[in-house]
Amino acid sequence: MVHPISVSELTKQIKSALSSPEFQSVAVEGEISNFVHHRSGHMYFSLKDPQSRIKAVMFRGRNQRLNFVPKNGDTLVAVGSIGVYEPNGEYQLYVDLLLPKGVGALHLAYEQLKEKLELEGLFDPPRKRALPALPHRVGVITSPSGAALRDILHVLTRRHPGVRVLVFPSLVQGEEAPDSLIDALTKAQHTDVDVIIMGRGGGSFEELSAFNDERLARAIAQSSIPVVSACGHETDFTIADFVADLRAPTPSAAAELVVPMQEELISGIASLQARMARSLERRIQAERRYINQLSQSPVLQRPEHHLRQRRQRLDELWTGLSRYLRHGVIPKRAQLKNAVGKLEALSPLGTLARGYAICQNAEGEIVLQAEKVATGDVVHVTLHKGSLSCIVEGRHT
Amino acid sequence: MNELKFEEALARLEEIVRSLEQGEAALDEALFLFEEGVKLARFCNTKLDEAEAKIEIMLEDGKIETLEVNEK
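Chains as they are written, first to last, in the working numbering: chain C, 4 to 400; chain R, 98 to 169.
Because the hints were derived from the structure by calculation, they are not lab data.
Nothing false has been slipped in among the hints.
Just a few of them, taken from the derived set where beta-carbon distance is under 7 Å, the chain C residues facing chain R:
no., residue
1, 135
2, 170
3, 171
4, 268
5, 276
Just so you know, even glycine gets a beta-carbon here, dropped at the ideal spot from N, CA and C.
Go ahead and model the full structure; you've got the sequences and the hints to work with.
Shown next, in the form of structure tokens:
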């Protein structure tokens, strides 16, 4: 008897056994039952056939990309991985993709790869680079014998007679095509082409499969030169279309996107030149108008008039000043003299001049009654001219 | 000016036109900008006029050869 292990230890071992690669990428066909679209956004259901069933979950992040709503009874292909839900000891299918029944292996691989690269962010719009307005040299990666090359060259030379093109011959079909395309793309990186058209004429899904290769997709994403994909199919998208900086529906359309019409550019530049000339002319006219306006100002027009005005003003001020002297200052002086005379009449100094004296005690108080001083006090007597210090010898009340 | 790229020249020309139209530059500077703009426009036109199309192909060994295009 072996030593017993805990339930969680056993579950952990089972989980680890199920994480082997064969269970990490499975595609399974079955009928949907017990379908629940939970309010959390996740989808829970079972897949079954007459003998078996397996629990499945498709999380919100995955099922948001579904372009149909699964329902009980639908037979579908689920692509995903097997995992163990430890709390219940249940294994279940974690679904990444749901596809219609009967889908081929190639298509399945395509959908899986598309999902994977999309999640990696390889298709994100911010990754897309802008094409040059006028390419210095256009790189074309395609079959040298295909109609696509002829179409591309025809459109390029028609739109821009001075276009420079460098063709990188490549296989565009068959098992070796992906390597050949990657090789051409790598070679192009070391040339002075500043935009690349990569494509071929239309074909069946199988014929276009080189453009659904994962390594090619990554090579396009890593290209330092913007890539325009052109796989000659209006409706179906290849993986290369999603990764490319721009997707053109046909090779001719790619050529149109890459090279602007020469005449359009020339007329665009002519219009810029005209705008430039017009605004400069307007500017000069405005400056000239302003200078005219300045030179017409009265000061510059008739300086002597300006001077005369100033002189007249000076005269006015002078007249005002003399009027003020006459009517203001002279009568005021007479008034002042009169006031001073009155003031002198009231002054005690006048009284003293007539022989009166002022007697003050030691504190400076004026003595008006004899009884306010005692014999022997010193009093101060102010006369018209000078003063006396006197000792009181006697008093008479 | 030969090192300049077409789109750089075009972008600068557009910038000059905008600046002149807004009248934000001093007159001296505006005249200077105008002169530069005329040169840029001439440069862009020259680029566009490079008439001879040149279509080449890169061979297996990395050599580049002119490709004969027979238009129907």
